[in-house]
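Protein chains in written order, with this note's numbering: chain R, 1 to 351; chain C, 352 to 749.
Hints listed in this document are in silico derivations from the structure and should not be mistaken for laboratory results.
Glycine included, every Cβ here is placed at the ideal spot set by N, Cα and C.
Each hint should be verified, as a subset may be incorrect.
To be verified - Calculated cross-link-like contacts (lysine to any residue; reagent style SDA-like; alpha-carbon spacing at most 25 Å):
{"#": "1", "chain 1": "R", "residue 1": "K40", "chain 2": "C", "residue 2": "V510"}
{"#": "2", "chain 1": "R", "residue 1": "K40", "chain 2": "C", "residue 2": "M390"}
{"#": "3", "chain 1": "R", "residue 1": "K331", "chain 2": "C", "residue 2": "S580"}
{"#": "4", "chain 1": "R", "residue 1": "K142", "chain 2": "C", "residue 2": "K432"}
{"#": "5", "chain 1": "R", "residue 1": "K142", "chain 2": "C", "residue 2": "L612"}
{"#": "6", "chain 1": "C", "residue 1": "K560", "chain 2": "R", "residue 2": "F44"}
{"#": "7", "chain 1": "C", "residue 1": "K560", "chain 2": "R", "residue 2": "K331"}
{"#": "8", "chain 1": "C", "residue 1": "K432", "chain 2": "C", "residue 2": "S719"}
{"#": "9", "chain 1": "R", "residue 1": "K331", "chain 2": "C", "residue 2": "G574"}
Claimed, not checked - Facing chain C, from chain R, some residues (calculated, C-beta under 8 Å):
{"#": "10", "residue": "V234"}
{"#": "11", "residue": "S316"}
{"#": "12", "residue": "E322"}
Unchecked claim - Stretches of chain C that chain R covers, calculated by requiring three or more beta carbons in the stretch to come under 8 Å of a beta carbon on chain R:
{"#": "13", "region": "394-406"}
{"#": "14", "region": "463-472"}
{"#": "15", "region": "507-513"}
{"#": "16", "region": "578-585"}
{"#": "17", "region": "724-737"}
Given next are the chains, with one letter for each unit.
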Amino acid sequence: MHSLLAVEIPYWGQSVLRVLGGLVAVLLPAGTIVYVFLFKMMSFMQSRLGPMEAGPYGSMQLFAEVGKWLQKEDIQPDNADKRIFRMAPIIVLMSTFLLVAVVPFGPDAWFTNFETGVFYALAVSSISVLGILMAGWSSANKYSLLGGLRAAGQLIAYELPMVLAVMGVVIQAGTMNLQQIVVAQNAGSIFGTDIVGNPYVLTQFVGFVVFMIAVQAELTQAPFDMPIAESELVSGYMTEYSGFRFLIFFIGEFATAGVFAMIASTLFLGGWGVPFSWFGWTTMDSVANWMNVAGPLIVFTKMMVLTFLIMWIRFSYPRFREDQLQRFAWKVLIPVSLANIMVTAVLKVAF
Amino acid sequence: MTILNDPVNAKLGDRAQLSYIASQAADARLNVELETEGMTLNIGPQHPATHGTLRIIARLDGEQVLWAEPSCGYMHRGYEKLTEVRSFPQVTSLINRIDWLGSFANEVPFILAAEKLMGVEAPPRAQWIRTILFELSRIANVSLFLGDLGVQLGAITPVFMAFRDREYVLNLIESATGGRFHPNFDRIGGLKDDLPAGWIDETKVVMKKLRNFCDEIESLLFGNEIFQSRTRGIGVIPRDVAMQYGLSGANLRASGVDWDLRRDQESPMAWNKVDFKVWTHPDGDSFARCWVRLQETREATKIVDQLLDGIPAGPVMAKVPKIIKVPEGEAWVSTENPLGEMGYYVVSRGDSGPFRVKIRSASFNNISITPWLLRGVYVPDIITILASLYFILGDIDR
């Protein structure tokens with residue numbers, strides 16, 4: 001980002017650009033996901049039209065909803081731990097912003113370029129658990145408490161398969177830097193065929209499936225939405241929230257879905273890149289400058305595909321029970337991802 | 352937890368549950384060692400899983416239920432008392448609202464009881480149309496259950512399909528009776544009106560749509576592994592316990608008791624004119640209850656089809672006096688309603704209105720088993736079990 005589009009930018013300019021870029025990278029996908037998937041796709045799957053009044057085909061519905069939430073009274077229960085109650089939604093949203101910081105959008109278009117980007121991403125993604133647990137505990141509501149505890153148990157159980165699924169990618173790419181992982185996929189080849197590069201969704205398919213299931217659980221989307229469970233816990237840890245604070249939880253839910261889909265597309269679908277063989281590129285340095293503009297669009301497209309998968313499953317499946325979910329995580333996902341790591345390591349040494 | 356202390360003298364039905372509780376005893380021992388505190392959770396009166404205002408008081412240890420007690424009466428409307436100050440024809444508009452999803456089926460047993468007291472019999476055409484509307488209200492009721500089941504278990508899509516296809520049935524009921532939810536169409540000695548023109552052909556088309564809906568729900572919900580793992584083996588009611596608690600309808604048949612009032616009792620209605628199968632299931636768990644209801648919806652569409660083919664000609668109203676005075680006497684009539692056995696014990700002292708009416712509604716007995724059934728289950732299973740027992744609050748509280 002020091003020389004974005006061949007223009008030298010001073011440090012303060014870079015900082016402003018990063019903050020604005022971070023807001024865009026979180027809120028734009030969140031809004032798009034809510035409109036395209038939650039409002040429209042879900043409605044079409046359920047043989048109804050969805051919002052049609054606000055704007056053409058209801059496209060301004062989200063703004064109407066935000067306006068409604070902003071007008072609502074900010075209710076806090078009498079017995080609530082007020083300071084923690086107010087802090088919780090912000091912590092949940094904060095983890096989303098921290099997460100988007102490592103997603104690369106182009107050869108030079110990134111916010112931060114950590115050497116241990118994968119490690120960082122997996123670490124900050126669990127901060128949202130703290131926010132959820134705080135919300136559940138401080139609400140002074142039994143349903144919220146049950147929801148918060150369920151969320152904590154579930155998110156901890158699903159951190160492990162997620163980490164182990166990503167291990168395969170790290171072994172194959174030989175780096176934890178997300179930028180390098182993107183290059184390794186697009187510059188790579190499968191048995192000498194480099195027409196599609198080497199997207200790890202093909203070679204690490206088991207890892208991809210385990211990662212997406214873990215993401216589904218991490219996002220508390222159905223079939224793993226026990227912490228929210230509107231038919232039994234009446235929205236769990238969100239029960240006591242209203243108005244602006246509920247809006248933050250709501251944005252956080254869908255923004256995190258988008259950011260996790262971006263991370264998954266970076267790890268498994270080749271991120272911002274197209275297969276380098278199409279344009280005769282070989283390394284990072286030979287990538288054309290226009291990829292800085294095309295890259296974000298490519299990431300966005302791949303994100304929409306993966307979010308479609310997440311939402312499709314969310315709208316179709318019933319909910320697991322908490323103990324069934326734990327059993328699934330510990331008895332199926334973790335052994336499968338461990339086996340995946342072993343096979344990957346053996347093949348890595350063999351080839 | 353008395354049965355844990357005294358497993359030898361436990362009642363027969365308790366033994367089946369004993370193994371379930373014993374399998375989770377390790378959890379309980381851990382909790383004793385850690386000295387964890389219990390928690391009393393009030394599920395309801397306002398809760399999305401209680402279809403109205405039922406309150407379940409559950410004592411929890413973690414997520415496990417130690418004991419649970421249903422507390423009903425939050426929506427008691429005093430229909431038994433209200434009928435005493437109304438004339439016989441006026442009562443139907445009240446009792447329509449007992450099971451509000453299958454309203455027409457509520458009117459039938461009361462009108463049959465009144466007819467029994469007066470000694471009049473409705474003409475055959477009226478009986479056939481009554482039976483058709485009865486089965487249509489069963490379809491409207493149970494198809495909503497099939498969709499609602501998905502919502503209770505976290506799948507949000509099936510309920511919209513249920514609402515979509517139930518609408519066709521409600522339109523049929525509306526075009527025949529004038530009321531979508533509360534027809535108030537049954538009269539002593541017959542029906543208010545004959546069927547409108549073209550209604551029979553339209554109904555046949557809709558019955559085909561409803562059979563498609565059943566196939567759709569079966570493949571979307573019943574074939575789903577998560578759905579099966581959530582319902583199979585959850586809330587098992589053994590055969591003898593189901594009979595002890597006076598369950599009826601699909602809840603009883605799912606426990607393997609082959610008992611259906613449509614087939615097993617003499618009735619002026621037209622059920623004995625058609626050929627239908629009474630479905631039972633040996634398991635008695637939540638899945639069995641849902642499955643039996645699905646098959647019943649299918650069977651009801653077939654009953655309607657057969658009745659439409661053989662509907663006799665003639666008047667729809669017998670000769671009854673303008674001002675109805677019911678002679679002194681007592682009568683008990685019950686029918687197989689969508690939720691189970693529903694009956695009216697009507698006492699008349701020769702006035703224009705009943706002296707006393709006792710309403711036996713199915714849901715009240717069906718939820719009486721919940722304290723026995725909810726011991727030892729997890730909180731999400733409370734919702735599964737309540738959903739599969741399928742009660743309507745108006746039917747509990749009357």
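Verification of the supplied hints:
1. Restraint check for K40 (chain R) and V510 (chain C): satisfied, since their Cα atoms lie roughly 17 Å apart, inside the 25 Å limit.
2. Of the supplied pair hints, the one linking K40 (chain R) and M390 (chain C) is violated, its CA atoms being roughly 41 Å apart against a limit of 25 Å.
3. Between the alpha carbons of K331 (chain R) and S580 (chain C) the distance comes to roughly 16 Å, so the proposed pair stays at or under 25 Å and holds.
4. Restraint check for K142 (chain R) and K432 (chain C): not satisfied, since their Cα atoms lie roughly 39 Å apart, outside the 25 Å limit.
5. Among the hinted pairs, K142 (chain R) with L612 (chain C) is inconsistent with the structure: their alpha-carbon atoms are about 44 Å apart, more than 25 Å.
6. For the hint linking K560 (chain C) to F44 (chain R), the alpha-carbon distance of about 20 Å falls within 25 Å, and the restraint holds.
7. Between the alpha carbons of K560 (chain C) and K331 (chain R) the distance comes to roughly 43 Å, so the proposed pair goes past 25 Å and is violated.
8. The straight-line distance between the Cα atoms of K432 (chain C) and S719 (chain C) is roughly 23 Å, inside the 25 Å bound, and the hint therefore holds.
9. A C-alpha spacing of about 23 Å is found between K331 (chain R) and G574 (chain C), which places the hinted pair at or below 25 Å, so the restraint holds.
10. With 8 Å as the threshold, the beta carbon of V234 (chain R) comes within range of chain C, its nearest partner Cβ sitting at about 6 Å, so the hint holds.
11. Because the smallest distance between the Cβ of S316 (chain R) and any Cβ of chain C comes to about 6 Å, under 8 Å, the interface hint for this residue holds.
12. For E322 (chain R), the interface hint holds, since its Cβ comes within 8 Å of a Cβ in chain C; the closest pair sits about 7 Å apart.
13. Coverage of the region 394-406 of chain C by chain R holds. Counting CB-CB distances below 8 Å, 3 residues qualify, and the rule asks for three or more.
14. Judged by the Cβ-Cβ criterion of 8 Å, the region 463-472 of chain C is not covered by chain R as claimed, because only 0 of its residues qualify and three are needed.
15. Counting residues of the region 507-513 of chain C whose beta carbon lies closer than 8 Å to any beta carbon of chain R gives 4, which meets the minimum of three for the stated coverage.
16. Three residues within the 8 Å Cβ limit are the bar, and the region 578-585 of chain C against chain R gives 3, so the coverage statement holds.
17. Given a C-beta distance limit of less than 8 Å, the hint that chain R covers the region 724-737 of chain C holds, as 6 residues qualify and 3 suffice.
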